[in-house]
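This is what each chain is made of:
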Amino acid sequence: MTYFLFRRTVGFIFTLFTVSVVVFTVMNILPGDPALTILGLEASDDAIEALRNKLGLNEPVLQRYFSWILNALQGDFGQSHSFGVSVSGLISERLSMTVALAVSGMVLTIIIALTLGIGAAANHRKFGDWGVMFFSQLGIAIPAFWLSILLVILFAVKLRWLPPGGFPGWDDPILAIKSLILPTVALALVQSAVLARVTRSSALEVMRLDYIRTAKASGFSRKRILWRHVLPNALVPIVTIVGMQFAAVVTGTIVIENVFYLPGLGRLIFQSIANRDLPTVQALVMMFAVIVVTANFIVDLLYVIIDPRLKERN
Amino acid sequence: MIELHFSLFNYFWGVLFMNFNIIRSLSFATLFTAIGVLLTPSISVAKSNIVIGLQQEPTSLDPTSDATASIDGMLSHNVYESLTTVSEAGEVLPALAESWTISEDKLTYVFNLASGVKYHDGSAFDSADVIFAFNRAMAEDSVNPTKKIFKVIESVSAPNANTIEIKLKKQNAFFLFNMAKGDASIVAEETAASNNTNPVGTGPFKFSSWKRGDRLVLVKNQDHREASSVALERVEFRFISDAAAASAAMLSEEIDAFPGFPAPEMLPQFQADPRFRVNIGSTEGEVILAMNNAKAPFNDIRVRRAISHAIDRNEIIDGAMYGKAVPIGSFYPPHGAAYVDLTQAYPHDTDKAKKMFEDAGVAGMEMTLRLPPFPYAMRSGEIIQAQLAEAGINAKVEQVEWGFWISEVYKKKAYDMTIIAHTSPNDMGNFARGPKYFYGYDDPKFSDLWSRIKTEADPEKRKMMLEEGQRYLTDQAVHGFLFQLPLLGIFKNEVKGYWSSAPVLFHPLKGVSVN
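In order, the protein sequence lines correspond to chains F and X.
Position one of the first sequence corresponds to residue 16 (the working numbering), numbered consecutively onward.
Position one of the second sequence corresponds to residue 4 (the working numbering), numbered consecutively onward.
There may be inaccurate statements among the hints.
[Unchecked claim] Here are the simulated DMTMM-like cross-link-like pairs (lysine to aspartate or glutamate), alpha carbons at most 25 Å apart as the crow flies:
hint	chain 1	residue 1	chain 2	residue 2
1	X	K457	X	E107
2	X	K170	F	E57
3	F	K69	X	E192
4	X	K214	F	D186
5	X	K416	F	E108
6	X	K415	F	E108
7	F	K69	X	E411
8	X	K223	F	D186
9	X	K414	F	D60
10	X	K214	F	E108
11	X	K154	F	E64
12	X	K416	F	D186
13	X	K173	F	E108
14	X	K414	F	D186
15	X	K298	F	D60
16	X	K439	F	D48
17	X	K457	F	E57
[Claimed, not checked] Stretch-level coverage of chain X by chain F, calculated; a stretch enters the list once three of its residues show a Cβ under 8 Å from a Cβ in chain F:
hint	stretch
18	51 to 64
19	69 to 80
20	136 to 148
21	212 to 220
22	247 to 255
23	398 to 412
These aren't lab readings, by the way, just hints derived from the structure by calculation.
In this text, a Cβ means the ideal position worked out from N, Cα and C, and glycines have one as well.
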């Protein structure tokens with residue numbers, strides 16, 4: 016276990032280092048100049064030069080990279096080029112909304128997918144199964160942004176139950192939750208389609224095994240068989256997909272935040288790339304990398320809990 | 004076995020529906036009443052509030068250090084003020100300068116400043132603030148995006164606290180107009196550095212809050228000298244970049260006005276809806292198919308003229324703008340006083356264009372068309388590609404993002420053709436900017452004409468020269484001149500007094516009301 020943790024930590028640091036180098040390189044190779052995007056078409060050359068000096072863009076690339084990494088290690092992610100305020104401030108004011116969206120999206124995904132997946136498996140080759148398979152196929156085919164527009168047209172424009180977008184902040188928790196309902200549903204419906212199919216096939220596989228037959232023969236109740244014997248043994252592939260989907264949900268917020276004009280990190284990264292705002296992009300990509308790597312790490316830990324046999328193999 | 008599966012399924016659905024029933028019976032009614040109550044205040048509270056949708060969100064709130072158009076759109080002449088301002092018709096009006104006199108030689112301007120003006124932080128405004136603002140914009144290390152409008156200034160001085168005297172190096176017909184721009188906002192020394200997040204000005208509205216990525220709020224400045232004629236108490240700007248989302252926000256009446264609506268194809272829906280008023284106004288944006296005149300084959304006038312014959316403006320306007328734009332034949336807005344209709348100078352004629360391409364030896368040639376990420380450019384680009392193909396030219400479309408466009412196309416001139424709207428007023432001078440400018444067009448004859456236009460004080464003579472300039476640019480077929488960028492606005496019927504055209508980047512909200 017110690018060796019396992021050590022190996023993961025080294026991998027973690029290596030991943031973050033690679034990500035930081037890649038982002039820095041790409042942002043520097045990419046044609047475009049933050050000073051130009053800020054000052055626009057009519058700017059004179061001396062104004063652009065003055066701004067480049069002010070932003071520190073005239074320093075050598077390597078020096079900029081190392082000063083960035085030294086500061087980042089001390090928790091200082093620098094000033095945003097285009098916003099002119101600290102990057103940590105920019106991120107922290109938006110973090111809570113994106114986290115709320117991603118987590119609620121993931122939870123709803125799991126609830127929908129497990130319910131439908133197990134329901135379909137329990138009703139194999141019957142109407143309910145076909146229904147679930149049909150709708151999950153639809154869910155895989157429909158892009159999240161299109162589904163979002165349909166949801167907005169129905170629930171915001173026609174029925175007026177929910178706002179079409181925007182986020183008023185947490186000061187009014189009811190309004191805040193209301194404005195996150197549609198984005199969460201849009202995010203979860205599409206994601207749960209894949210997970211429902213995995214759940215169904217994984218559960219079907221387990222149901223075919225001898226010990227389930229034995230359990231049935233022993234006269235256990237259907238409920239008990241499903242919850243105590245089928246689901247736990249079907250979990251390993253489900254958890255793998257959940258881990259992968261968490262990354263997809265986090266990146267999926269970028270699209271969803273644009274359609275629902277939510278002030279989250281996804282929109283921030285979008286805007287910052289367009290503005291060539293390197294410090295902000297760098298910090299955000301690093302943060303997304305940390306989230307994804309952490310999610311994978313948690314999945315690995317969960318394997319051992321779900322299936323103790325895997326521990327011995329390690 | 005079958006039975007088992009069936010009832011398991013029932014069990015799951017049972018659980019699902021049971022929950023549903025609980026929710027329905029217990030709280031559906033209360034929930035929706037609650038939602039209704041929550042929603043009502045935001046809709047029906049005092050009518051002097053307005054919610055305005057904007058597509059572009061700025062990253063800074065300081066127009067004197069960032070060129071983003073939406074900074075001017077929201078804040079210039081609302082929060083910040085300049086010495087002069089501009090009416091919807093484009094005429095220069097007093098602002099912080101109540102009046103002015105111009106010397107006989109048109110080189111010395113004396114501005115009489117409005118008295119009793121206060122900044123929103125309570126500090127008094129006087130000539131020292133004007134001196135500071137001008138020195139800041141003109142300084143060596145100034146990052147003012149339109150620094151060049153100050154280049155003509157020789158000196159700025161303050162004979163007393165209410166007077167400013169500006170001496171020019173040479174006559175400039177656009178000086179007073181330029182001084183109305185957001186770039187020439189009179190900012191105070193104490194607050195200039197923090198204006199990017201907390202703008203402080205002297206205007207009829209005070210900055211209240213900015214939630215980045217979501218909204219910006221202004222409130223009425225009760226101390227403003229014209230406060231009695233300002234109807235709005237609170238102005239909220241919401242940032243919605245996606246066209247479908249903008250449309251949904253309008254339809255669900257979350258917002259009252261969308262002055263720069265991004266999607267012309269959605270307008271019929273609003274035109275048919277009695278709740279809304281659709282306005283199709285004009286801007287100063289000439290949309291051109293720019294050609295790199297410094298590069299072969301575009302340095303050949305025959306090729307440029309052939310391209311002008313090959314493109315069909317009406318088809319482009321119908322396809323790209325859904326018919327909602329006015330064609331242009333040169334580089335001057337159709338609503339301008341000196342406009343000459345030159346749209347028939349190169350009538351659309353594919354066969355003629357084909358022959359001209361053959362004569363010039365470029366038939367079948369491959370050219371790139373690099374398009375910035377604006378709907379008008381991307382849609383026009385595809386149609387132009389097809390039209391050029393009919394005339395025997397193989398145009399390759401490359402869609403690039405803005406950061407790429409501005410650095411590669413605009414600064415490094417790494418392009419054959421591109422499509423762009425020039426949104427500044429009085430920008431015919433672009434053609435006199437010489438080989439360094441991205442047109443790659445260097446013509447002493449036009450440069451000479453423009454320097455005469457710039458210094459001509461007699462409006463009648465200037466008008467004649469502007470007409471001559473339009474004809475000359477069309478004759479030289481410097482670019483493909485396409486159409487004037489329209490300003491598509493959607494407003495709830497209650498919203499009154501909004502400018503229907505955009506002669507400048509800013510939109511004063513002083514005269515806007517909701518009733």
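We went through each hint and held it up to the structure:
With a C-alpha separation of about 17 Å, the suggested pair X:K457 and X:E107 falls inside the 25 Å cut-off, and the hint holds. Of the supplied pair hints, the one linking X:K170 and F:E57 holds, its CA atoms being roughly 23 Å apart against a limit of 25 Å. Distance check on the hinted pair: F:K69 and X:E192 sit about 19 Å apart at the alpha-carbon level, within 25 Å; holds. Using a Cα cut-off of 25 Å, the hinted pair X:K214 and F:D186 holds, with the two alpha carbons roughly 13 Å apart.
This hinted pair does not check out: X:K416 and F:E108 have alpha carbons roughly 39 Å apart, beyond 25 Å. Distance check on the hinted pair: X:K415 and F:E108 sit about 37 Å apart at the alpha-carbon level, beyond 25 Å; violated. Between the alpha carbons of F:K69 and X:E411 the distance comes to roughly 22 Å, so the proposed pair stays at or under 25 Å and holds. For the hint linking X:K223 to F:D186, the alpha-carbon distance of about 24 Å falls within 25 Å, and the restraint holds.
This hinted pair checks out: X:K414 and F:D60 have alpha carbons roughly 10 Å apart, not beyond 25 Å. Only pairs whose Cα atoms come within 25 Å are accepted, and X:K214 paired with F:E108 is accepted, the gap being roughly 9 Å. With a C-alpha separation of about 17 Å, the suggested pair X:K154 and F:E64 falls inside the 25 Å cut-off, and the hint holds. This hinted pair does not check out: X:K416 and F:D186 have alpha carbons roughly 50 Å apart, beyond 25 Å.
Under the criterion of a C-alpha separation no larger than 25 Å, the hint pairing X:K173 with F:E108 is inconsistent with the structure, at around 50 Å. For the proposed pair X:K414 and F:D186, the alpha carbon gap of about 46 Å is over 25 Å, so the pair is violated. Simply put, X:K298 and F:D60 have alpha-carbon atoms about 23 Å apart, close enough for the 25 Å limit, and the pair holds. Restraint check: the Cα-Cα separation between X:K439 and F:D48 comes to about 18 Å, which is no more than 25 Å; the hinted pair holds.
Taking the CA atoms of X:K457 and F:E57, the gap is near 17 Å; set against the 25 Å cutoff, the hint holds. Judged by the Cβ-Cβ criterion of 8 Å, the stretch 51 to 64 of chain X is covered by chain F as claimed, because 3 of its residues qualify and three suffice. Beta-carbon proximity to chain F at under 8 Å applies to 3 residues in the stretch 69 to 80 of chain X; the threshold of 3 is reached and the given coverage holds. With a cut-off of 8 Å between beta carbons, the stretch 136 to 148 of chain X has 6 residues touching chain F; three or more are needed, and the interface restraint holds.
Counting residues of the stretch 212 to 220 of chain X whose beta carbon lies closer than 8 Å to any beta carbon of chain F gives 5, which reaches the threshold of three, so the coverage claim holds. By the rule of at least three residues with a Cβ nearer than 8 Å to a Cβ of chain F, the coverage given for the stretch 247 to 255 of chain X holds, with 6 such residues. Look at the stretch 398 to 412 of chain X against chain F: 7 of its residues bring a Cβ nearer than 8 Å to a Cβ of that chain, three or more, so the hint holds.
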